[in-house]
Amino acid sequence: MSESNPEFSEDGSHRDRNIAKLALGAIGVVYGDIGTSPLYAFRETFAGHHPLSLDRIHIMGVLSLIFWSMMLVVTIKYIIILTRADNNGEGGSLALLALISRRARSNMPWTRGIVLLGVFACALFYGDSMITPAISVLSAVEGLAVVEGSLAPLVIPIAIFILIGLFAIQRFGTARVGALFGPIILVYFTILAVLGTLSIMQDPGILLALNPWYAFNFFMIDGWAAFLALGSVVLAVTGAEALYADMGHFGRKPIGISWMAIVLPALMLNYLGQGALLASDPSAISSPFYMLAPEWFRLPMVFVATMATIIASQAVISGAFSVTQQAIQLGFIPRLKITHTSASSMGQIYIPVINWALLTMVIFLVLVFENSSNLAAAYGIAVTGAMLIDTCLLAVVLFGLWKWKPWLAIPLLAVFFIVDIAYFAANLTKVPDGGWFPLLIGVIAFTLLTTWAKGRTLLRGRMREAAMPVQVFVKSAAGSATRVPGTAVFMTTAPEGVPHALLHNLKHNKVLHERIVLLTVMISDEPFVPDSKRSTVEDLGSGFYRVILRYGFMQDSDVPLALEKLTVCGPPFRMIETSFFLARQTLLTSKTPGMAPWREKIFAWMLRNAESAMQFFRLPTNRVVELGSQVEI
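Take any residue in the sequence shown, note its place counting from 1, add 45, and you have its number in my numbering.
Read the hints as simulated data drawn from the structure, not as lab findings. Errors might be hidden in some of the hints.
Claimed, not checked - Label-pair restraints from in silico Cβ distances:
(1) Ile593 with Arg619: 20 to 28 Å
(2) Gln247 with Val398: 46 to 54 Å
(3) Phe261 with Trp341: 39 to 47 Å
(4) Met116 with Val398: 33 to 41 Å
(5) Lys555 with Arg629: 18 to 26 Å
Every residue, glycine too, gets a C-beta built ideally from N, C-alpha and C.
Please model the entire structure based on the sequences and the hints provided.
So this is what it looks like as C-alpha coordinates:
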(Lines of atoms letter the chains of each structure in order from A and count residues from 1; the text may use other names and numbers.)
(Lines give C-alpha, C1' and ligand atoms only; values in the text may rest on other atoms or scores of the structure.)
Protein backbone atom coordinates (compact mmCIF):
# COMPACT_ATOMS: atom_id res chain seq x y z
CA MET A 1 0.00 0.00 0.00
CA SER A 2 1.47 3.31 -0.98
CA GLU A 3 1.27 6.52 0.97
CA SER A 4 -0.25 8.23 -2.01
CA ASN A 5 -3.30 5.98 -2.15
CA PRO A 6 -5.42 7.91 0.37
CA GLU A 7 -4.44 11.21 -1.23
CA PHE A 8 -6.62 10.61 -4.26
CA SER A 9 -9.73 11.21 -2.18
CA GLU A 10 -11.36 14.56 -2.82
CA ASP A 11 -12.91 14.43 0.63
CA GLY A 12 -10.33 15.76 3.08
CA SER A 13 -11.96 14.06 6.06
CA HIS A 14 -11.93 10.71 4.27
CA ARG A 15 -8.24 11.18 3.49
CA ASP A 16 -7.52 12.05 7.12
CA ARG A 17 -9.41 8.95 8.29
CA ASN A 18 -7.37 6.78 5.96
CA ILE A 19 -4.12 8.28 7.23
CA ALA A 20 -5.26 7.79 10.83
CA LYS A 21 -6.11 4.15 10.09
CA LEU A 22 -2.74 3.59 8.45
CA ALA A 23 -0.99 5.31 11.37
CA LEU A 24 -2.74 2.96 13.81
CA GLY A 25 -1.71 -0.05 11.73
CA ALA A 26 1.87 1.21 11.61
CA ILE A 27 1.95 1.32 15.42
CA GLY A 28 1.21 -2.39 15.53
CA VAL A 29 3.46 -3.63 12.74
CA VAL A 30 6.29 -1.14 12.36
CA TYR A 31 6.91 -0.22 15.99
CA GLY A 32 6.47 -3.58 17.70
CA ASP A 33 10.23 -4.23 17.83
CA ILE A 34 11.38 -0.82 19.05
CA GLY A 35 8.35 -0.65 21.33
CA THR A 36 9.43 -3.70 23.34
CA SER A 37 12.99 -2.40 23.87
CA PRO A 38 12.12 -0.84 27.29
CA LEU A 39 11.78 -4.40 28.59
CA TYR A 40 15.56 -4.84 28.55
CA ALA A 41 17.47 -1.89 27.01
CA PHE A 42 17.76 0.40 30.05
CA ARG A 43 18.41 -2.52 32.42
CA GLU A 44 21.24 -3.85 30.26
CA THR A 45 23.22 -0.60 30.43
CA PHE A 46 23.53 -1.04 34.21
CA ALA A 47 23.30 -4.80 34.73
CA GLY A 48 24.61 -6.24 31.47
CA HIS A 49 28.05 -7.46 30.47
CA HIS A 50 29.55 -3.96 31.00
CA PRO A 51 27.65 -2.70 34.07
CA LEU A 52 27.65 0.96 35.12
CA SER A 53 27.50 2.48 38.57
CA LEU A 54 23.93 3.20 39.63
CA ASP A 55 24.41 6.89 40.39
CA ARG A 56 22.61 9.94 39.05
CA ILE A 57 25.42 11.01 36.72
CA HIS A 58 25.37 7.69 34.87
CA ILE A 59 21.55 7.45 34.87
CA MET A 60 21.23 10.95 33.37
CA GLY A 61 23.98 10.22 30.85
CA VAL A 62 22.35 7.00 29.64
CA LEU A 63 18.92 8.63 29.36
CA SER A 64 20.41 11.48 27.35
CA LEU A 65 22.15 8.99 25.02
CA ILE A 66 18.88 7.11 24.52
CA PHE A 67 16.92 10.27 23.72
CA TRP A 68 19.44 11.70 21.26
CA SER A 69 19.97 8.30 19.65
CA MET A 70 16.23 8.22 18.97
CA MET A 71 16.33 11.74 17.58
CA LEU A 72 19.39 11.28 15.35
CA VAL A 73 18.96 7.67 14.21
CA VAL A 74 15.19 7.19 14.14
CA THR A 75 13.68 10.65 13.70
CA ILE A 76 16.19 12.42 11.44
CA LYS A 77 17.93 9.58 9.60
CA TYR A 78 15.01 7.22 9.03
CA ILE A 79 11.77 9.19 9.43
CA ILE A 80 12.81 12.48 7.83
CA ILE A 81 15.44 11.44 5.25
CA LEU A 82 15.60 7.74 4.36
CA THR A 83 11.85 7.28 3.96
CA ARG A 84 12.06 9.80 1.11
CA ALA A 85 14.33 7.38 -0.78
CA ASP A 86 11.57 5.05 -1.91
CA ASN A 87 11.53 2.71 -4.88
CA ASN A 88 8.04 3.41 -6.24
CA GLY A 89 6.71 3.50 -2.70
CA GLU A 90 8.67 0.47 -1.45
CA GLY A 91 11.45 0.68 1.13
CA GLY A 92 14.14 -1.51 2.65
CA SER A 93 17.77 -2.25 1.82
CA LEU A 94 16.98 -4.39 -1.24
CA ALA A 95 14.47 -1.88 -2.63
CA LEU A 96 17.00 0.93 -2.17
CA LEU A 97 19.71 -1.24 -3.71
CA ALA A 98 17.52 -1.87 -6.76
CA LEU A 99 16.85 1.87 -7.06
CA ILE A 100 20.57 2.74 -6.88
CA SER A 101 21.54 -0.02 -9.33
CA ARG A 102 18.96 1.16 -11.87
CA ARG A 103 20.01 4.80 -11.64
CA ALA A 104 23.76 4.20 -11.58
CA ARG A 105 24.42 1.57 -14.24
CA SER A 106 27.01 3.76 -15.92
CA ASN A 107 29.25 3.55 -12.84
CA MET A 108 29.51 -0.21 -12.53
CA PRO A 109 32.92 -0.41 -10.75
CA TRP A 110 31.64 1.25 -7.59
CA THR A 111 28.09 0.03 -8.04
CA ARG A 112 29.26 -3.56 -7.51
CA GLY A 113 30.58 -2.62 -4.07
CA ILE A 114 27.27 -0.98 -3.20
CA VAL A 115 25.42 -4.12 -4.34
CA LEU A 116 27.53 -6.29 -2.05
CA LEU A 117 26.86 -3.91 0.86
CA GLY A 118 23.12 -4.09 0.21
CA VAL A 119 23.20 -7.87 0.03
CA PHE A 120 25.14 -8.04 3.31
CA ALA A 121 22.52 -5.81 4.96
CA CYS A 122 19.92 -8.33 3.80
CA ALA A 123 22.04 -11.17 5.22
CA LEU A 124 22.35 -9.40 8.59
CA PHE A 125 18.58 -9.04 8.71
CA TYR A 126 18.21 -12.81 8.99
CA GLY A 127 20.35 -12.81 12.13
CA ASP A 128 18.20 -10.02 13.54
CA SER A 129 14.99 -11.91 12.70
CA MET A 130 16.21 -14.88 14.74
CA ILE A 131 17.26 -12.93 17.85
CA THR A 132 14.28 -10.53 18.03
CA PRO A 133 11.58 -13.16 18.78
CA ALA A 134 13.85 -14.93 21.27
CA ILE A 135 14.87 -11.85 23.29
CA SER A 136 11.45 -10.16 23.10
CA VAL A 137 9.38 -13.12 24.28
CA LEU A 138 11.96 -14.18 26.89
CA SER A 139 12.18 -10.68 28.38
CA ALA A 140 8.38 -10.48 28.67
CA VAL A 141 7.91 -13.93 30.22
CA GLU A 142 10.73 -13.21 32.68
CA GLY A 143 8.24 -10.86 34.33
CA LEU A 144 6.72 -13.97 35.91
CA ALA A 145 9.86 -14.31 38.03
CA VAL A 146 9.42 -10.69 39.14
CA VAL A 147 5.84 -11.40 40.21
CA GLU A 148 6.69 -14.69 41.91
CA GLY A 149 10.27 -15.95 42.21
CA SER A 150 9.20 -19.59 42.31
CA LEU A 151 7.97 -19.30 38.70
CA ALA A 152 11.49 -18.72 37.34
CA PRO A 153 11.98 -22.37 36.19
CA LEU A 154 8.88 -22.04 34.01
CA VAL A 155 10.17 -19.05 32.03
CA ILE A 156 12.04 -20.99 29.32
CA PRO A 157 9.33 -23.69 28.77
CA ILE A 158 6.59 -21.01 28.55
CA ALA A 159 8.68 -18.90 26.17
CA ILE A 160 9.33 -21.90 23.89
CA PHE A 161 5.63 -22.84 23.96
CA ILE A 162 4.66 -19.29 22.92
CA LEU A 163 7.27 -19.21 20.15
CA ILE A 164 6.20 -22.60 18.73
CA GLY A 165 2.58 -21.42 18.70
CA LEU A 166 3.58 -18.15 17.03
CA PHE A 167 5.44 -19.86 14.20
CA ALA A 168 2.80 -22.60 13.87
CA ILE A 169 0.04 -20.09 13.05
CA GLN A 170 2.04 -18.37 10.31
CA ARG A 171 0.58 -20.68 7.65
CA PHE A 172 -2.89 -19.34 8.39
CA GLY A 173 -1.80 -15.77 7.65
CA THR A 174 -2.02 -12.63 9.76
CA ALA A 175 -4.69 -10.68 7.88
CA ARG A 176 -7.33 -11.05 10.60
CA VAL A 177 -4.98 -10.94 13.56
CA GLY A 178 -3.23 -7.94 12.05
CA ALA A 179 -6.31 -5.79 12.58
CA LEU A 180 -5.86 -6.27 16.34
CA PHE A 181 -2.15 -5.42 16.36
CA GLY A 182 -2.55 -1.64 16.29
CA PRO A 183 -5.07 -1.35 19.16
CA ILE A 184 -3.12 -3.80 21.37
CA ILE A 185 0.17 -1.99 20.85
CA LEU A 186 -1.62 1.33 21.37
CA VAL A 187 -2.83 0.10 24.78
CA TYR A 188 0.71 -1.10 25.50
CA PHE A 189 2.23 2.31 24.65
CA THR A 190 -0.43 4.04 26.74
CA ILE A 191 0.53 1.91 29.73
CA LEU A 192 4.22 2.67 29.13
CA ALA A 193 3.50 6.39 29.09
CA VAL A 194 1.27 6.35 32.20
CA LEU A 195 3.67 4.27 34.31
CA GLY A 196 6.61 6.40 33.20
CA THR A 197 4.76 9.65 33.97
CA LEU A 198 3.80 8.48 37.47
CA SER A 199 7.45 7.73 38.20
CA ILE A 200 8.65 11.05 36.72
CA MET A 201 6.24 12.92 39.01
CA GLN A 202 8.24 11.58 41.95
CA ASP A 203 11.45 13.05 40.48
CA PRO A 204 10.73 15.78 37.86
CA GLY A 205 14.42 16.65 37.69
CA ILE A 206 14.96 13.51 35.59
CA LEU A 207 13.53 15.46 32.62
CA LEU A 208 16.80 17.42 32.47
CA ALA A 209 18.34 14.28 30.91
CA LEU A 210 16.89 15.44 27.58
CA ASN A 211 19.68 18.02 27.54
CA PRO A 212 22.54 16.67 25.34
CA TRP A 213 25.05 18.08 27.87
CA TYR A 214 24.46 15.03 30.07
CA ALA A 215 25.51 12.69 27.26
CA PHE A 216 28.69 14.72 26.63
CA ASN A 217 29.38 14.88 30.36
CA PHE A 218 29.04 11.09 30.56
CA PHE A 219 31.82 10.71 27.99
CA MET A 220 33.99 13.35 29.63
CA ILE A 221 33.95 11.79 33.09
CA ASP A 222 33.90 8.11 32.10
CA GLY A 223 34.77 7.82 28.41
CA TRP A 224 35.51 4.09 28.13
CA ALA A 225 32.46 3.10 30.19
CA ALA A 226 30.31 5.45 28.08
CA PHE A 227 31.64 3.84 24.90
CA LEU A 228 30.86 0.34 26.19
CA ALA A 229 27.41 1.55 27.28
CA LEU A 230 26.62 2.33 23.64
CA GLY A 231 26.42 -1.42 23.07
CA SER A 232 23.37 -1.51 25.33
CA VAL A 233 21.96 1.95 24.55
CA VAL A 234 21.56 0.92 20.90
CA LEU A 235 19.04 -1.70 22.05
CA ALA A 236 16.64 1.24 22.51
CA VAL A 237 16.61 1.90 18.75
CA THR A 238 16.59 -1.68 17.46
CA GLY A 239 13.73 -1.94 15.03
CA ALA A 240 14.38 1.48 13.50
CA GLU A 241 15.35 -0.22 10.23
CA ALA A 242 11.79 -1.63 10.07
CA LEU A 243 10.47 1.89 9.51
CA TYR A 244 12.04 1.96 6.09
CA ALA A 245 11.36 -1.67 5.20
CA ASP A 246 7.62 -1.38 5.98
CA MET A 247 7.14 1.93 4.21
CA GLY A 248 5.44 0.26 1.25
CA HIS A 249 2.71 -1.15 3.49
CA PHE A 250 1.74 2.06 5.29
CA GLY A 251 3.33 5.04 3.57
CA ARG A 252 5.80 7.62 4.77
CA LYS A 253 3.31 10.03 6.33
CA PRO A 254 1.41 7.56 8.60
CA ILE A 255 4.71 6.09 9.83
CA GLY A 256 6.00 9.56 10.69
CA ILE A 257 2.78 10.57 12.45
CA SER A 258 2.77 7.40 14.57
CA TRP A 259 6.36 7.97 15.66
CA MET A 260 6.12 11.65 16.53
CA ALA A 261 2.63 11.61 18.12
CA ILE A 262 2.61 8.32 20.03
CA VAL A 263 5.66 6.06 19.94
CA LEU A 264 8.50 8.50 20.69
CA PRO A 265 6.69 10.25 23.61
CA ALA A 266 5.57 6.94 25.15
CA LEU A 267 9.03 5.37 24.93
CA MET A 268 10.84 8.38 26.37
CA LEU A 269 8.34 8.78 29.22
CA ASN A 270 8.92 5.13 30.13
CA TYR A 271 12.71 5.35 29.92
CA LEU A 272 12.69 8.55 32.01
CA GLY A 273 10.37 6.83 34.48
CA GLN A 274 12.77 3.87 34.76
CA GLY A 275 15.60 6.34 35.34
CA ALA A 276 13.68 8.11 38.10
CA LEU A 277 12.89 4.75 39.71
CA LEU A 278 16.53 3.62 39.73
CA ALA A 279 17.69 6.97 41.06
CA SER A 280 15.55 6.46 44.15
CA ASP A 281 15.65 2.65 44.39
CA PRO A 282 18.79 1.02 42.89
CA SER A 283 17.47 -2.45 43.90
CA ALA A 284 14.89 -2.17 41.10
CA ILE A 285 17.67 -2.84 38.58
CA SER A 286 16.63 -6.51 38.43
CA SER A 287 13.66 -5.41 36.27
CA PRO A 288 13.00 -1.65 36.20
CA PHE A 289 10.38 -2.16 33.49
CA TYR A 290 8.11 -4.28 35.70
CA MET A 291 9.08 -2.50 38.93
CA LEU A 292 7.52 0.67 37.50
CA ALA A 293 4.12 -0.96 37.87
CA PRO A 294 2.41 -1.29 41.25
CA GLU A 295 2.57 -4.82 42.64
CA TRP A 296 -1.08 -5.59 41.87
CA PHE A 297 -0.62 -4.64 38.21
CA ARG A 298 2.59 -6.59 37.51
CA LEU A 299 0.90 -9.86 36.50
CA PRO A 300 -1.46 -8.09 34.03
CA MET A 301 1.60 -6.19 32.80
CA VAL A 302 3.33 -9.50 32.04
CA PHE A 303 0.34 -10.46 29.89
CA VAL A 304 0.26 -7.11 28.05
CA ALA A 305 4.03 -7.13 27.49
CA THR A 306 3.92 -10.73 26.24
CA MET A 307 1.22 -9.79 23.72
CA ALA A 308 3.36 -6.85 22.59
CA THR A 309 6.43 -9.07 22.14
CA ILE A 310 4.40 -11.61 20.15
CA ILE A 311 3.31 -8.79 17.86
CA ALA A 312 6.89 -7.52 17.61
CA SER A 313 8.04 -11.03 16.70
CA GLN A 314 5.22 -11.34 14.16
CA ALA A 315 6.38 -8.15 12.46
CA VAL A 316 9.95 -9.47 12.18
CA ILE A 317 8.80 -12.86 10.86
CA SER A 318 6.59 -11.19 8.25
CA GLY A 319 9.55 -8.97 7.38
CA ALA A 320 11.73 -12.05 6.84
CA PHE A 321 9.12 -13.43 4.43
CA SER A 322 8.98 -10.13 2.52
CA VAL A 323 12.76 -9.76 2.32
CA THR A 324 13.05 -13.36 1.10
CA GLN A 325 10.45 -12.75 -1.59
CA GLN A 326 12.33 -9.67 -2.79
CA ALA A 327 15.62 -11.59 -2.78
CA ILE A 328 14.07 -14.41 -4.84
CA GLN A 329 12.69 -11.99 -7.39
CA LEU A 330 15.99 -10.09 -7.63
CA GLY A 331 17.95 -13.32 -8.18
CA PHE A 332 19.77 -13.72 -4.85
CA ILE A 333 17.83 -16.74 -3.53
CA PRO A 334 16.54 -19.79 -5.45
CA ARG A 335 12.82 -20.19 -5.95
CA LEU A 336 11.04 -21.19 -2.75
CA LYS A 337 7.45 -22.18 -2.12
CA ILE A 338 5.45 -19.04 -1.38
CA THR A 339 1.87 -19.24 -0.14
CA HIS A 340 -0.42 -16.22 -0.24
CA THR A 341 -2.60 -16.13 2.86
CA SER A 342 -4.88 -13.25 1.89
CA ALA A 343 -6.92 -12.67 -1.25
CA SER A 344 -7.01 -8.91 -0.66
CA SER A 345 -3.45 -8.20 0.49
CA MET A 346 -0.55 -9.17 -1.77
CA GLY A 347 1.93 -8.61 1.06
CA GLN A 348 0.43 -11.39 3.20
CA ILE A 349 2.68 -14.33 2.34
CA TYR A 350 4.01 -17.44 4.03
CA ILE A 351 7.28 -19.21 3.15
CA PRO A 352 7.46 -22.60 4.93
CA VAL A 353 11.23 -23.11 4.62
CA ILE A 354 12.00 -19.70 6.14
CA ASN A 355 9.36 -20.13 8.85
CA TRP A 356 10.64 -23.45 10.18
CA ALA A 357 14.30 -22.48 9.81
CA LEU A 358 13.65 -19.38 11.91
CA LEU A 359 11.77 -21.38 14.55
CA THR A 360 14.62 -23.89 14.83
CA MET A 361 17.19 -21.15 15.32
CA VAL A 362 15.00 -19.17 17.73
CA ILE A 363 14.52 -22.21 20.00
CA PHE A 364 18.25 -22.89 19.77
CA LEU A 365 18.94 -19.33 20.96
CA VAL A 366 16.51 -19.62 23.88
CA LEU A 367 18.01 -22.91 25.05
CA VAL A 368 21.65 -21.82 24.64
CA PHE A 369 21.48 -18.24 25.98
CA GLU A 370 18.75 -19.02 28.59
CA ASN A 371 17.82 -15.42 29.47
CA SER A 372 17.29 -12.06 27.82
CA SER A 373 20.40 -10.55 29.41
CA ASN A 374 22.64 -13.11 27.71
CA LEU A 375 20.77 -12.64 24.44
CA ALA A 376 21.29 -8.87 24.68
CA ALA A 377 25.00 -9.56 24.18
CA ALA A 378 24.20 -11.21 20.86
CA TYR A 379 21.71 -8.52 19.90
CA GLY A 380 22.84 -5.28 18.35
CA ILE A 381 25.60 -6.35 15.97
CA ALA A 382 23.21 -7.21 13.17
CA VAL A 383 21.13 -4.08 13.74
CA THR A 384 24.07 -1.66 13.96
CA GLY A 385 25.69 -3.31 10.94
CA ALA A 386 22.51 -2.87 8.90
CA MET A 387 22.18 0.75 10.09
CA LEU A 388 25.77 1.50 9.06
CA ILE A 389 25.15 0.00 5.61
CA ASP A 390 21.96 2.06 5.29
CA THR A 391 24.06 5.19 5.91
CA CYS A 392 26.48 4.10 3.15
CA LEU A 393 23.54 3.65 0.78
CA LEU A 394 22.15 7.00 1.92
CA ALA A 395 25.45 8.65 0.97
CA VAL A 396 25.08 7.27 -2.56
CA VAL A 397 21.51 8.56 -2.71
CA LEU A 398 22.39 12.05 -1.49
CA PHE A 399 25.28 12.53 -3.90
CA GLY A 400 24.40 10.23 -6.81
CA LEU A 401 20.60 10.52 -7.04
CA TRP A 402 19.45 13.63 -5.21
CA LYS A 403 22.53 15.74 -6.03
CA TRP A 404 22.64 17.43 -2.61
CA LYS A 405 25.11 20.27 -2.10
CA PRO A 406 28.30 19.01 -0.39
CA TRP A 407 28.10 21.68 2.32
CA LEU A 408 24.76 20.19 3.40
CA ALA A 409 25.29 16.47 2.76
CA ILE A 410 28.80 16.05 4.20
CA PRO A 411 28.13 17.38 7.74
CA LEU A 412 24.90 15.38 7.95
CA LEU A 413 26.54 12.16 6.77
CA ALA A 414 29.49 12.79 9.10
CA VAL A 415 27.14 12.82 12.09
CA PHE A 416 25.37 9.65 10.93
CA PHE A 417 28.65 7.82 10.28
CA ILE A 418 30.11 8.84 13.65
CA VAL A 419 27.01 7.60 15.46
CA ASP A 420 26.68 4.36 13.46
CA ILE A 421 30.39 3.50 13.63
CA ALA A 422 30.44 4.19 17.38
CA TYR A 423 27.47 1.89 17.95
CA PHE A 424 28.87 -0.82 15.70
CA ALA A 425 32.31 -0.65 17.34
CA ALA A 426 30.77 -0.80 20.82
CA ASN A 427 28.82 -3.90 19.83
CA LEU A 428 31.97 -5.56 18.50
CA THR A 429 33.13 -5.78 22.11
CA LYS A 430 30.20 -8.18 22.67
CA VAL A 431 31.39 -10.69 20.05
CA PRO A 432 32.92 -13.14 22.58
CA ASP A 433 29.75 -13.01 24.72
CA GLY A 434 27.33 -13.88 21.91
CA GLY A 435 27.80 -11.25 19.22
CA TRP A 436 29.46 -13.96 17.14
CA PHE A 437 26.06 -15.51 16.42
CA PRO A 438 24.49 -12.80 14.20
CA LEU A 439 27.84 -12.29 12.47
CA LEU A 440 28.04 -16.02 11.74
CA ILE A 441 24.47 -16.05 10.42
CA GLY A 442 25.22 -12.94 8.35
CA VAL A 443 28.34 -14.50 6.78
CA ILE A 444 26.51 -17.76 6.00
CA ALA A 445 23.53 -15.93 4.48
CA PHE A 446 25.82 -13.59 2.51
CA THR A 447 27.73 -16.59 1.12
CA LEU A 448 24.51 -18.29 0.03
CA LEU A 449 23.06 -15.13 -1.52
CA THR A 450 26.18 -14.26 -3.52
CA THR A 451 26.83 -17.89 -4.52
CA TRP A 452 23.36 -18.22 -5.98
CA ALA A 453 23.62 -14.90 -7.83
CA LYS A 454 27.08 -15.76 -9.23
CA GLY A 455 26.14 -19.34 -10.16
CA ARG A 456 22.96 -18.16 -11.84
CA THR A 457 24.95 -15.68 -13.93
CA LEU A 458 27.46 -18.37 -14.95
CA LEU A 459 24.71 -20.86 -15.80
CA ARG A 460 22.92 -18.35 -18.01
CA GLY A 461 26.20 -17.47 -19.71
CA ARG A 462 27.03 -21.10 -20.52
CA MET A 463 23.54 -21.76 -21.89
CA ARG A 464 23.69 -18.59 -23.97
CA GLU A 465 27.00 -19.68 -25.48
CA ALA A 466 25.52 -23.02 -26.56
CA ALA A 467 22.25 -21.58 -27.85
CA MET A 468 21.37 -21.73 -31.53
CA PRO A 469 20.21 -18.48 -33.21
CA VAL A 470 16.44 -18.59 -33.28
CA GLN A 471 16.06 -17.45 -36.92
CA VAL A 472 18.30 -20.28 -38.10
CA PHE A 473 16.27 -22.80 -36.13
CA VAL A 474 12.90 -21.50 -37.37
CA LYS A 475 13.96 -21.70 -41.02
CA SER A 476 15.43 -25.21 -40.73
CA ALA A 477 12.84 -26.80 -38.41
CA ALA A 478 9.60 -25.20 -39.58
CA GLY A 479 9.63 -26.87 -42.95
CA SER A 480 11.03 -30.27 -41.97
CA ALA A 481 9.36 -31.16 -38.65
CA THR A 482 5.85 -32.56 -38.33
CA ARG A 483 3.43 -30.02 -36.82
CA VAL A 484 0.82 -31.17 -34.30
CA PRO A 485 -2.22 -29.25 -32.97
CA GLY A 486 -1.98 -27.10 -29.85
CA THR A 487 0.39 -24.64 -28.24
CA ALA A 488 3.78 -25.35 -26.72
CA VAL A 489 5.29 -22.82 -24.32
CA PHE A 490 9.03 -23.24 -23.75
CA MET A 491 10.22 -21.43 -20.63
CA THR A 492 13.71 -19.92 -20.94
CA THR A 493 15.75 -17.53 -18.84
CA ALA A 494 17.48 -16.03 -21.88
CA PRO A 495 15.51 -13.64 -24.12
CA GLU A 496 17.52 -14.77 -27.13
CA GLY A 497 18.51 -18.05 -28.77
CA VAL A 498 16.62 -21.37 -28.81
CA PRO A 499 15.74 -22.97 -25.45
CA HIS A 500 17.46 -26.29 -24.73
CA ALA A 501 14.09 -27.85 -23.96
CA LEU A 502 12.88 -27.08 -27.51
CA LEU A 503 15.98 -28.66 -29.06
CA HIS A 504 15.60 -31.76 -26.89
CA ASN A 505 11.90 -32.07 -27.66
CA LEU A 506 12.48 -31.89 -31.39
CA LYS A 507 15.43 -34.29 -31.19
CA HIS A 508 13.54 -37.00 -29.29
CA ASN A 509 9.88 -36.49 -30.25
CA LYS A 510 10.40 -35.34 -33.89
CA VAL A 511 7.39 -32.96 -33.78
CA LEU A 512 6.57 -29.28 -33.29
CA HIS A 513 3.28 -27.77 -32.14
CA GLU A 514 1.31 -25.45 -34.39
CA ARG A 515 2.16 -22.53 -32.13
CA ILE A 516 5.52 -22.30 -30.36
CA VAL A 517 6.00 -19.66 -27.68
CA LEU A 518 9.50 -18.95 -26.34
CA LEU A 519 8.66 -17.42 -22.98
CA THR A 520 10.98 -15.45 -20.70
CA VAL A 521 9.88 -14.02 -17.35
CA MET A 522 11.95 -11.01 -16.33
CA ILE A 523 11.89 -9.47 -12.85
CA SER A 524 12.31 -5.71 -12.83
CA ASP A 525 14.28 -3.84 -10.17
CA GLU A 526 11.11 -1.86 -9.53
CA PRO A 527 8.49 -3.12 -7.04
CA PHE A 528 5.59 -3.12 -9.51
CA VAL A 529 5.21 -3.24 -13.28
CA PRO A 530 1.83 -2.05 -14.62
CA ASP A 531 -0.25 -4.36 -16.81
CA SER A 532 0.30 -2.00 -19.75
CA LYS A 533 4.02 -2.88 -19.67
CA ARG A 534 3.59 -6.54 -18.74
CA SER A 535 4.30 -8.22 -22.09
CA THR A 536 6.40 -7.84 -25.21
CA VAL A 537 5.62 -10.09 -28.20
CA GLU A 538 7.79 -10.73 -31.25
CA ASP A 539 6.44 -12.72 -34.21
CA LEU A 540 9.31 -14.94 -35.43
CA GLY A 541 7.30 -16.43 -38.29
CA SER A 542 6.07 -19.96 -39.01
CA GLY A 543 4.00 -20.04 -35.83
CA PHE A 544 6.92 -19.09 -33.56
CA TYR A 545 6.60 -16.24 -31.07
CA ARG A 546 8.94 -14.81 -28.49
CA VAL A 547 7.13 -13.46 -25.43
CA ILE A 548 8.74 -11.55 -22.57
CA LEU A 549 6.71 -11.04 -19.40
CA ARG A 550 7.88 -8.42 -16.91
CA TYR A 551 7.01 -8.32 -13.20
CA GLY A 552 8.10 -6.14 -10.32
CA PHE A 553 10.01 -7.74 -7.47
CA MET A 554 6.96 -7.42 -5.20
CA GLN A 555 4.58 -9.10 -7.68
CA ASP A 556 3.56 -12.69 -8.34
CA SER A 557 4.58 -14.26 -11.65
CA ASP A 558 1.25 -15.74 -12.76
CA VAL A 559 2.17 -16.93 -16.25
CA PRO A 560 -1.17 -18.55 -17.31
CA LEU A 561 -3.07 -15.37 -16.37
CA ALA A 562 -0.67 -13.21 -18.37
CA LEU A 563 -0.87 -15.50 -21.42
CA GLU A 564 -4.66 -15.49 -21.38
CA LYS A 565 -4.57 -11.68 -21.63
CA LEU A 566 -2.39 -11.71 -24.76
CA THR A 567 -4.22 -10.73 -27.94
CA VAL A 568 -1.32 -10.33 -30.41
CA CYS A 569 0.00 -13.87 -30.38
CA GLY A 570 -2.45 -15.75 -32.57
CA PRO A 571 -5.71 -17.16 -31.21
CA PRO A 572 -6.51 -16.82 -27.48
CA PHE A 573 -4.62 -19.14 -25.15
CA ARG A 574 -6.57 -22.05 -23.69
CA MET A 575 -4.74 -23.90 -20.94
CA ILE A 576 -6.39 -27.19 -21.88
CA GLU A 577 -4.64 -26.97 -25.29
CA THR A 578 -1.32 -25.60 -24.01
CA SER A 579 1.74 -27.57 -22.90
CA PHE A 580 4.56 -26.00 -20.88
CA PHE A 581 8.07 -27.36 -21.40
CA LEU A 582 10.65 -26.75 -18.68
CA ALA A 583 14.35 -27.51 -18.65
CA ARG A 584 15.98 -28.92 -15.49
CA GLN A 585 19.76 -28.56 -15.49
CA THR A 586 22.27 -30.94 -13.95
CA LEU A 587 25.58 -29.20 -13.23
CA LEU A 588 28.94 -30.64 -14.22
CA THR A 589 32.28 -29.28 -13.03
CA SER A 590 34.26 -27.84 -15.92
CA LYS A 591 38.04 -27.76 -16.35
CA THR A 592 37.98 -23.99 -15.84
CA PRO A 593 35.35 -23.49 -13.14
CA GLY A 594 33.76 -20.08 -12.81
CA MET A 595 33.61 -20.41 -9.02
CA ALA A 596 35.58 -22.18 -6.33
CA PRO A 597 34.67 -25.90 -6.25
CA TRP A 598 33.06 -25.62 -2.79
CA ARG A 599 30.84 -22.78 -4.04
CA GLU A 600 29.90 -24.84 -7.11
CA LYS A 601 28.77 -27.64 -4.79
CA ILE A 602 26.68 -25.19 -2.76
CA PHE A 603 25.13 -23.80 -5.93
CA ALA A 604 24.34 -27.29 -7.23
CA TRP A 605 22.69 -28.12 -3.90
CA MET A 606 20.62 -24.94 -4.02
CA LEU A 607 19.63 -25.64 -7.63
CA ARG A 608 18.46 -29.17 -6.77
CA ASN A 609 16.36 -27.93 -3.87
CA ALA A 610 14.83 -24.91 -5.60
CA GLU A 611 11.07 -24.81 -5.97
CA SER A 612 9.91 -26.10 -9.33
CA ALA A 613 9.12 -23.45 -11.91
CA MET A 614 5.73 -25.12 -12.21
CA GLN A 615 4.62 -23.95 -8.77
CA PHE A 616 6.53 -20.68 -8.86
CA PHE A 617 4.95 -19.54 -12.13
CA ARG A 618 1.58 -21.10 -11.25
CA LEU A 619 1.56 -23.44 -14.25
CA PRO A 620 -1.21 -26.07 -14.57
CA THR A 621 0.18 -29.23 -13.00
CA ASN A 622 -1.20 -31.53 -15.70
CA ARG A 623 0.17 -29.45 -18.59
CA VAL A 624 3.90 -29.42 -17.70
CA VAL A 625 6.72 -31.46 -19.28
CA GLU A 626 10.22 -31.35 -17.79
CA LEU A 627 13.27 -32.14 -19.92
CA GLY A 628 16.72 -32.55 -18.35
CA SER A 629 20.06 -31.29 -19.64
CA GLN A 630 23.64 -31.16 -18.40
CA VAL A 631 25.57 -27.91 -18.17
CA GLU A 632 29.19 -27.19 -17.26
CA ILE A 633 29.94 -24.10 -15.16
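Item to check | Hints not upheld, ascending by number | outcome: Structure breaks no hint.
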